[in-house]
Each structure stands twice: as structure tokens, then as C-alpha cells.
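Number of protein chains: 2
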Amino acid sequence: MSAERLIYLPLGGAGEIGMNCYVYGYGKPGKERLIVVDMGVAFPDMDGSPGVDLILPDISWLIENRNRIDAVIVTHAHEDHVGAVGHTFEQLGARIYARPFTANIARHKLAEYGIGPDSVKTCSPWPATTQMGPFSVGFLPISHSIPESSGLVIDTPAGRVIHTGDFKLDETPLVGEPWDPALWAEVSKQGVKALVVDSTNVFSRHAGRSEATVGPAVTELVADAPNMVVATTFASNVARVKTLAEAGDRAGRSICLMGRAMRRMIEASIETGVLDSFPKVVSSEDAQGIPRENLMLIVTGSQGERRAASAQLARGKFHGIELKEGDTFLFSSKTIPGNEKGVIRIINQLSEQGVDVVDDSMGDYHVSGHANRPDLETLQDVVDPQIVVPMHGEHRHLREHTKLSQAKGRQGILSVNGMMIDLTGNEPKVAEYIETGRTYLDGSVQIGALDGIVRDRIRMALNGHVLVTVILDEDDDPLGEPWCEIKGLTETGKSNAPLVDVLEEDLAQFLGRAGAKTLTDDDKLEDGLRRIVRQACLNEIGKKPEVTVVVSRLA
Amino acid sequence: MSAERLIYLPLGGAGEIGMNCYVYGYGKPGKERLIVVDMGVAFPDMDGSPGVDLILPDISWLIENRNRIDAVIVTHAHEDHVGAVGHTFEQLGARIYARPFTANIARHKLAEYGIGPDSVKTCSPWPATTQMGPFSVGFLPISHSIPESSGLVIDTPAGRVIHTGDFKLDETPLVGEPWDPALWAEVSKQGVKALVVDSTNVFSRHAGRSEATVGPAVTELVADAPNMVVATTFASNVARVKTLAEAGDRAGRSICLMGRAMRRMIEASIETGVLDSFPKVVSSEDAQGIPRENLMLIVTGSQGERRAASAQLARGKFHGIELKEGDTFLFSSKTIPGNEKGVIRIINQLSEQGVDVVDDSMGDYHVSGHANRPDLETLQDVVDPQIVVPMHGEHRHLREHTKLSQAKGRQGILSVNGMMIDLTGNEPKVAEYIETGRTYLDGSVQIGALDGIVRDRIRMALNGHVLVTVILDEDDDPLGEPWCEIKGLTETGKSNAPLVDVLEEDLAQFLGRAGAKTLTDDDKLEDGLRRIVRQACLNEIGKKPEVTVVVSRLA
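Chains A and B, in that order, are what the protein sequence lines are.
The first sequence lines up with residues 133 to 687 when you count with our numbering.
The second sequence lines up with residues 133 to 687 when you count with our numbering.
Chain A with its partners taken away, still in its complex shape (with noise of 0.2 Å):
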């Protein structure tokens, strides 16, 4: 029988930025004992995944093997690493370990689906240790843009694994625990096989900014704002959003914070104590009787979403608040690649309002959250590892990560999403393929990203759908003439005439020349409507359609 072995498997985050999910093993093979780290959510689009509600990462070979799961961790409360609890929690039946702010997150998204509280462990961080099954972990403290972001310190038969989750080296993160070298090398000095780390940022050659240089400059523009403030950030930036609130304060501004998700941050925050302290705030009902120079809101959408604050005060007044012309708008955050075009939307929509949009192209208002280039050398020079693993990121992001780690004299290895690497030995090997890609969740349903339910919407979105009726009498003959309807197509097409008509038309002729062959068989019958109407189509306006045929027999 074979030995015992170490895997790593990423489901969600390798290979993609977005819904992390990465599973360590230990044992003898296809008979490891498992935990999950993370379990996060990825965000639709029109492009690729329209009307979905979230992406999740398909976590089919962990239901599968739910019963050799002993813990799930999440090592921050972002989306694309605790997103997909609430969601996935009956499916795998194990318990939640997080510590304290990444906890309450955890279980607001829990209590959706109506699970209690104890279905998440509260964590302490290093030196205390969990065991979970053959592993004991650790919650490492590091800094990053959420409070109480934890890298795992993973003890294991076969060594020590250091799992970052995500992370920057700032030593003034304002709000959470700094970066602190020497913890990090007192935890690594012993030997560390496997450093498994973020990639975010592998492409960002210039060291990292600290969340503490952000706030001369907002601090300088609240000030000399005219009229009123509104700035805009990552809800989960408690940091930021502390920085902002700070500055409204000093400049004598009452502040106010809008969007749900923003408010929910700082509540979380403030019940479990990792913030203690944050300027008073109103409601936007009391923000209505304040003079606009002496107001500031904070609100959420800083990546366009049409639906949060910022794109609905762009779009006019929310919550009894307008904008107007002289007002300071300002993005202290970046733009997701993806988000570009609902960003620029609502500033479009402020200059058309007469709004000064400022954003961190003009100033310093916005540090990243990740580690850049020489902040990943640092800390491979701090840990020392015996194998580097890049995760969290795309492709070129981790194989960039993976050329840099092997630059330094170590081994790095490539695994992409489904790469099952056994780290046992002295040099990681590739041990498995998994399938695995992506689940949606569409309404209150989840489904497979390649089972065709999505590409059918694609295909209608692009092509229109044409519905075609026809009914036979019980001798197998027409009963009346076929029956067009038209969603997603114009009315009129080349020759003038209705679109459907033409359509009608061209399916009555060909039911009068069909024989008993085709009338008599369904599928026969379908695809020739199906190729009239394309045909046709395709003539007077120049597109393919969907078509949906019904054919109804009177028995």
C-alpha cells in the first residue's frame, strides 16, 4: 500500500482572479483527510454568464468526498473568499473556521440559509492552533485591505505549509493587524516546505504603498471641497473608509454612509472590536437638513455597479440626496479590469451634473491591497520555503509568479484550477487531474456553467428567438396556418412586409408541399420549419434566429 502523501488541489482562484477555494490533504491516496480554504465567489457579466447571480467554484469532487472533510477556513471576509459559504455549507456538511470579524460575515451569509451561528468556529489567531484532522492551523495575522486578513500556518506529517490568503507587507495598515517580518520569520524558521501565495499583484514592479499614505491627500481634498463630498471605496476597506470618515471630521463635515454593504462592514467591524473608533455618523434623513458644505458621504459602488449607491446618486436622487453642479465626487479605489465602462458611465453621468470627479490618477487616493513584485521577493526571503505554489491569479499571473520564484533559486510549480500537486517529496508533483470549472447560481438555482442553459440565452441575446406553432388534426394535416411570434427581431425586413407574415408565409408553403414522411415525425417536421424560418430570415433581415417549434397533435 502507498504512503502517506500531502496534496494541494485549487478548485476556484488559480487560474482566475475571483471565487477562491483551495483544498489541502493529507494521507494515503484518494484516502486524505481534507480541509478547504476559502470558499469564495466569482461576479457574472453580460459577456460571458447573463442573468447568473453569482459564480461559484463547482465543488463537485468535495461533494463527492464530503465525508473526508474536516474543516473549511476562510482567511478574510472578501467576496471571492467567503462569498460562496451560505451556498455551499449543506453540500459539504463541515464546519466554518474564520477568526472573529471574518466570523460575523460568515455567519450573516449563513443565516440566509437560515444555519446557526455554531456552524462557524471562532478562531484566535497564532500561536493558537486548530486541529483539524491530521492538520493544525494556525491563524497567521497580515495585513491586507479588510480587517484581520490571516495567511495559515499548516502543520502537517510531511512539514509546515504557509497558505498567505491574501495579503500586502504594510506596516501602517491604520485598521487590523500591521506586517510584522518577525513574526513571519519566527513562524518560518524551522523550515517551511510550501509557501502557497497571492499573485495578484506579480506584475506591479514598484514595492507597495501603505493604507497610511492615503490619508494627507483625502485629507487635503475634503478640505478644500467647495461644496459637498462624496467618496467612494470597497465597502470592506474599513480602513479607507475610517481614513475618509476621518477626514469629513476634520474639515467639520458630518458624515454619511450609504449603501447597505458599507454599513454592514462598519457594524462588523465595530462588534467585534477591530475598529475602535470612527467619527459620528448621521442618516441620510439628518444628512437632508445639513448644509452640503458640511457633508460628506461615503457611499458604495465604486466599481459601477448599477445598483449600489454611487451609480443611483449619479443617476439622481437617493435617499432624498442630489447632487449638484461644484460638488467633489471622489473614486478612492481602482477600477477592476471588467468594470471600466460602468465606471466611466457614472462619471459621465456627474459631469453632466456639473460634478468634479477626482480619482487616483490625480492624487495619492488609493493604495492596492496586494503585494507587489518586490514585496513577493521580500517575503520569499523572510519564509524561505522549500517549494513556492503562486495562487490568486490568472494564468499569466501565476506563471510570472512561478518564473520569479524560480529566478530565486527555488522550486515554484504552476497549478491551475483541478491540478492535484503532491508536495510530499522533495520536489512537488503533479499527482491528479480533477474536473472541476464553475457552478452558477441563477435565481435560487444552481447550475453548471457548461450545461448549455447560458449559452442558450447568449444565443438568444445575439440572435432573437422566433416561436413557430403549428397544429396537425388527427389525420397528421395542418389545422389552420402555422403561427409565428418574434422576440428580439425587428418587424419589418427587407421586402416590407411584417417580418412574421413573410415568416407565415413561407411555413404555410411548405406544410402544403410536406408529405406524410414529415408530418408524421416530429423532429422531421421541426427541423424543416426550423429551416424555414432561418432561411427566410436570413433573407429579409439578414440574422440566423433561435427558433422554437411546437408542434401540437389533436389526438
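Bear in mind the hints are in silico, worked out from the structure with no lab data behind them.
Please read these numbers as outputs of a predicted model, since none were measured by experiment.
One thing to keep in mind: the hints can contain errors.
Just so you know, same-sequence chains aren't split out, so a pair can sit in one copy or run between any two.
Claimed, not checked - Pairs of lysine-lysine, DSSO-like flavour, derived with a Cα cap of 30 Å: (1) Lys561 x Lys163; (2) Lys449 x Lys466; (3) Lys160 x Lys561; (4) Lys535 x Lys466; (5) Lys561 x Lys456; (6) Lys656 x Lys619; (7) Lys676 x Lys619.
Go by the hints and put chain B onto chain A.
Coordinates of chain B only, in the frame set by chain A:
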């Protein structure tokens, strides 16, 4: 009767980047003779215009006044300036005027509609002028990212207008005429009433770089590349294509152009003499026999377009050529906002093949074709116009450019699509608002952006589509059971029964309960059936689909 006036009316390009179309008029109000400057397209996307082929300006106002149009002038051959000439020529019936290279491109577009070459009149540059109704128009050479871009000197009884077209201040553009401040000063010295001016880069704070600055970095990169080099850029940037080809030639590589648009542009450049030399190129068949370290491909698709050469090479073999580990892929371009995801998809596919990707963040591999903020100030200083009218920009660009002009002590007016400006007097004033918008070329048909067709497509993509068929007999009684088909929705919902079964059961119950008042009234019946489907879907799958009901009555 009122006096004659000089008007300016943007119908596209003012309040957006794309589909440029500007109108000038002179004469008595409502009877002005008109010239149209540029007739461009914009490109559709899944978010707002799924299935659409091209976006055109809504030129209904021009069509209504077609007997008043004396000319359509095209400043340069970029798609957002010339792309709609073929699609609109018959509607307007006006002759097209352009310089030779642009005319060459325009004639190809007209030929697709069977329109002969005489419809385009080829013009010589300034000091040559052409009389067009009350206007005398001259093409004033200026540098841009395509050969022969021209400003227009438009002389009217109310004074001289200079319309810049797209431009940059480049004294060494490599192909096409350089920026010639003496020429522009000469043209302006007798006084310029209005400068109508490109605003694209008003937010770029540093002076623009010359096209000539790209060569050295590209030459070094290509010389050092160990294996095959692929470079992509905008096909119409003939100077860039030449720079890339010369870099390859200098490194002893054979050059292969891939992508129809790129070969077309180089052909047109040679046919019209704007390109006097270009390295020898090989066909893709011949390229297959050349050792890869001696080969350089120059390809279309820098914006991630799925069908262009870049995307095809990233996906696998294209025209017999395949990328390999260690090849170099250069984006000698910038990504236009909105195209990020497509470009990143290609970069990741290249990464999977082990190809090293280089872009303009890593060196001087690209320069913009538009004047930056300091260059816009320089142009104003040279031309010294009475009025500045920013064009070619989103609202934010136009507003910023207006503010910039006012800060320089000039009159600036912010005019967006549909806002007709009277330029006759000492101060520009809004004369009228014209209804305008966007027209979609959809297959072979033009449809209005707001007529609901595309909205229906978007709704089907977001919500899925349910079709309900009900047959009623001569007595208005249901004949058989109602029938459902679903498209773009999951087959099974919460109750684990097939969704169509659940829907059909609910519909049958509804029909069973429905009285004669409902059964005899098509609208009532359809509304009722639709409501049942939406409610049942909400319960089963948490979505409210689009519903089409077909009621067939046996007469």
C-alpha cells in the same frame, strides 16, 4: 425674416467616443445649406447592444433635410469617422469628399453596397479648397495615428471655422504629414471664429510622444527575441505597422502580415502613395517554411476581437502557424476601455502556451494618436480662435476641455449630440435641440436603439424565455393540456420535478378555473397565463422569465 446664421450640430461623437458625425450649416434659420463632417460607427457590446453588428449615428434629421446637404466630408479613415459611409449613402444622397487614402477606404465601403467610385471625390490638401454650397472647405494636413488625417478649414460668410478632426502634434509621424505649426498659424492669422477640436486626451497631463519614439524600443525587443515574434497593433496605424516591420527586417526576420484589415490598409497606403517603402512581406504559406527565429508576424486584433488574428493565434493554429513556448507577443497598442476582458483573455491563453507577452506598460512600445492636454493648449495658442467647441469625447472630456478653454480666457461651449449651436454672433448660443441617438445595423436591417428590440434580447438573456401554447376549441374550451417550452432556464427547480411539468400543471389548473370571461378574451387569457408562469418560476427557480403565450383558437 431673420438673418442668415452659421450653425454647428453634432449628431455623433459629442458625448461619446465613437460614431463621429458633425453638421455645419449656413443660411436662413431652417433653410441652412448643410455639410456633414464624418460618418462613423461605434462598436456594439453584450451589455448594451447584444447581436448588433454596428452602431451608427441616428441621422433622421439629416434624412429629413437631405435636399439641403451639399457634401459629406471625411477627415480620415478610422472606422469611427468613415465606417458608416456605405450604410448611409443612399439615405443622404450626397457626394463624399476626402483625400486620396481616405477616399480609397471610403470607396471600398461604398462598393459593398454596389455604389460606384465616382460617389467619392478625391481632394487635394490645403491650399486647395472646394466650394460646397456656401462653404469653402480645405483639407489641412495634421498628424494622427493614420495617414492623411486632416483638419478642415471651413470658410463661411460668418467667418472661418477650423475643425481639427482627430489629431496629435507630432513633428515626426514617420508616415503622413507632420504637425506644421507655421502652416496652422498662417491659416489662422486672419482670425478664426471657432475651433472645433478633438478632446479624447484632455485628461492626459503630459505632452504627447511622437510616433518616432516607438522605433528604438521595438527594434531592441525584436532583435533580442529568441524565437518567433508576433506584434499586434491597430491595422490602420500604417506608421506603426511600418515601424514594426522595419524592426523585424533589421533583425533579419521575414515579415508576414496577418488579418484582412491590416493587409487592406497597407495596400491602400501603397496604392495611394502615402507609403513609399515597406519591407518585403511573405505569405502565411511561405512563413510556415521559415525557421521561427527568423520570422515576425504583424497581426490584427490588438483589442482582443475574437475573430481577429491575435485571438485565433492565442487559441491555436492560424493559417498553419502555431505559437510555441519562448515566442514573444508584443501589444504595440493600448487597450480601449471596455476591451480589457478580451485582451486579458488572449494574454492568458498566450501564457498557457508559454509565450512571453510584452505590452506598453513594459516599455515605449506605443504612443497615442491624440493630442494631450498641453498639446491642446498649444493648438489653441497657435490658432487663437474666438470660440472653442470641444468635440470627440465623452461628456467628461468635453466638460474638462471647455473648462480648460475658459481657463485660457476663451469662450468655450459644451455641445453634446443633438445640441445645435449658433456660431454667428460674438457669443455662441444654443439654437435648438434636435432629436438624435443611435441606430443599430442588425444583420442587414437598421433598427432604432430605443425601439425595444434589443431590450427584448437583453431581457431574454437575463431572465430566460418560457413559451406557452394553449389551444381552444370552437366553444372557447381548452383542447388538451397547455404546453410549455423553456429556453435559457434550468430544467429542474426546487421541487425536483421537471420545470415544464410544474408549469403545465399550474397552467392547467388555471385554465380549469378560468371562466368564459377569461377564455374568450385573448389579452386577459394571455395575462393570466403569463402571471401563472412567472409566479411558478419564481417559486421553483427564483427567477421571473420572459413569457410568450400563443393562444390558438380553432375557428
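Review point. Which of the listed hints are not met by the structure?
Key: Hint check: nothing fails, all pass.
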